Amino acid sequence: MAEQIALEVTRFSPERDKTPSIQSFDVPLRKEWVVLDALNYVKDKVDGSLSFRWSCRMGVCGSCGMMVNGEPKLTCATFLTDYAPGPVRVEPLKNFPVMRDLIVEITDFLEKLSKVKPWLIRDKEKAPSEGEYLQSPEQLETFRQYSMCINCLLCYAACPVYGLDPLFAGPAALALAQRYNMDSRDEGKSERLDILSQHDGIWGCTFVGDCTQVCPKHVDPAGAIQQYKLTATQEWVKSLLMPWGGK
Amino acid sequence: MHKRSNEPFVWLLFSAGGVVAALLIPIQLFLFGVAFPLGWLNAPSYDSVLALAGSPIGRAYLFVLCMLPLFHWAHRFRYTLYDGLQIKHLDELVNTLCYGGAIVGTIIAGYLIWRIP
Amino acid sequence: MATYTSYPPKGYRVRMSTYWWLGRWPYLKFILREISSVFVAWFVIETLLQINALIDGPEAWLEMQDFFANPIVIALNVISLFFVVFHAITWFNLAPKAMAVRVGGKRVPGILIAGPQYVAWVIVSAAVAWLLLHG
Chain P
1 MAEQIALEVT RFSPERDKTP SIQSFDVPLR KEWVVLDALN YVKDKVDGSL SFRWSCRMGV
61 CGSCGMMVNG EPKLTCATFL TDYAPGPVRV EPLKNFPVMR DLIVEITDFL EKLSKVKPWL
121 IRDKEKAPSE GEYLQSPEQL ETFRQYSMCI NCLLCYAACP VYGLDPLFAG PAALALAQRY
181 NMDSRDEGKS ERLDILSQHD GIWGCTFVGD CTQVCPKHVD PAGAIQQYKL TATQEWVKSL
241 LMPWGGK
Chain S
1 MHKRSNEPFV WLLFSAGGVV AALLIPIQLF LFGVAFPLGW LNAPSYDSVL ALAGSPIGRA
61 YLFVLCMLPL FHWAHRFRYT LYDGLQIKHL DELVNTLCYG GAIVGTIIAG YLIWRIP
Chain W
1 MATYTSYPPK GYRVRMSTYW WLGRWPYLKF ILREISSVFV AWFVIETLLQ INALIDGPEA
61 WLEMQDFFAN PIVIALNVIS LFFVVFHAIT WFNLAPKAMA VRVGGKRVPG ILIAGPQYVA
121 WVIVSAAVAW LLLHG
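Protein chains in written order, with this note's numbering: chain P, 1 to 247; chain S, 1 to 117; chain W, 1 to 135.
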């Protein structure tokens with residue numbers, strides 16, 4: 001195996017640069033190294049100013065999402081040897097503003113996430129003395145897949161609609177809305193539908209499906225959104241046929 | 001709060017059109033567009049086609065075959081224009097051209113089918 | 001009116017290229033799937049022309065057959081056929097994603113939802129072909 005591999009990394013210092021540029025580093029090609037290890041090698045041994053986000057280094061925190069050779073990846077789960085002989089191009093996550101080097105501004109996502117009300121909504125909370133909310137394994141199964149989302153935003157990097165229209169809520173926010181809609185303890189379906197059955201909600205989605213392809217936790221946001229479209233359509237028909245129906 | 005969008009209406013038309021287009025168009029396009037002109041299969045005579053098309057079921061079939069796929073095209077093409085040409089700000093114009101085109105096509109289809117002898 | 005997020009435009013943004021869909025194969029496949037709708041509309045136009053010929057009589061119908069026999073039209077129809085079949089296959093395969101059908105708590109495998117649609121496709125096509133060839 002070759003000793004080294006070239007890492008081509010985006011550099012951008014907002015106080016100095018007008019546009020990002022590429023800087024190339026030679027890093028050791030170790031068979032157990034992931035791209036994150038290579039980035040940390042550069043930061044430790046070569047250029048301490050290289051900036052990037054990471055945390056758990058095991059694919060559960062969602063911090064280290066970046067574009068590796070044009071594909072959205074968790075850099076802690078992407079092996080260097082898969083790209084030998086290289087070079088490996090590491091760029092900041094697509095469709096988000098770049099703050100510095102490989103760090104992107106994700107506030108837009110956080111705003112959209114809170115917009116969909118990702119918490120249990122109930123008319124009346126049960127008092128603790130009344131005991132727990134009971135939920136069978138089958139009931140859990142209906143939403144468990146959508147609860148696996150680690151907010152890594154790879155799906156937003158993959159979604160061309162989000163890239164074209166920054167008002168679009170995006171895959172993860174919609175999948176998380178479904179996670180709560182499908183939870184048997186939740187009573188907020190109607191409230192969320194008001195917010196999401198809009199053009200910048202579910203109806204902006206054209207089912208490209210790339211979000212599902214890149215999701216490292218197999219959440220299948222595309223499936224969640226299409227199912228939500230079906231639900232929204234059923235509710236729309238019901239409201240047409242029975243306009244007097246209460247929420 | 002927010003009024004729910006009426007998008008489900010056009011989405012239903014799009015979906016129905018997609019099903020009709022998927023199930024019914026391939027065979028008819030294959031026969032009339034490829035197999036009959038190339039002589040792979042014997043083309044039906046004018047009279048047999050007229051008999052089929054002129055029957056009540058035939059007319060209904062033709063109307064569904066023309067109307068729903070047009071609305072399927074309208075909806076899909078509208079979004080393709082948004083995504084491809086990034087002209088979402090012209091959405092009134094795009095909507096008029098797409099859904100308006102489908103409505104015009106449907107009216108033409110209805111008129112022609114009604115006039116089948 | 002298209003507006004951008006209210007958040008202050010901090011950070012470097014690139015506007016998405018008009019040719020973004022050429023950048024990756026999944027995107028190209030998506031655009032081809034969407035473009036298939038144009039060929040669907042072309043088929044409807046051809047059908048309307050055929051109905052018009054039916055109304056005008058046997059000579060007009062023969063002229064229609066000449067039109068269909070024109071090599072350019074045949075080439076266009078062959079291309080259309082590819083796109084229409086591509087539409088059908090992608091449509092049937094995507095349907096299971098849009099419907100989470102659960103039986104006894106477990107999700108029904110996608111093929112059990114896609115499969116019957118293919119069967120229906122074959123049956124309906126056979127019926128139409130039989131009517132046109134023998135009817």
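A few of these clues could be false.
Said to hold, decoys possible - Simulated pairs of lysine-lysine, DSS-like, Cα-Cα distance not exceeding 27 angstroms: (1) W/Lys10 - P/Lys124; (2) P/Lys238 - W/Lys29; (3) W/Lys10 - P/Lys43; (4) W/Lys97 - P/Lys115.
Because the hints were derived from the structure by calculation, they are not lab data. Note that this is a predicted model, so its numbers are computed, not measured.
Do the hints match the structure? See the list:
1. W/Lys10 - P/Lys124: 42 angstroms, violated
2. P/Lys238 - W/Lys29: 35 angstroms, violated
3. W/Lys10 - P/Lys43: 25 angstroms, holds
4. W/Lys97 - P/Lys115: 25 angstroms, holds
In terms of the numbered hints stated before, the structure departs from hints 1, 2, listed from lowest to highest.
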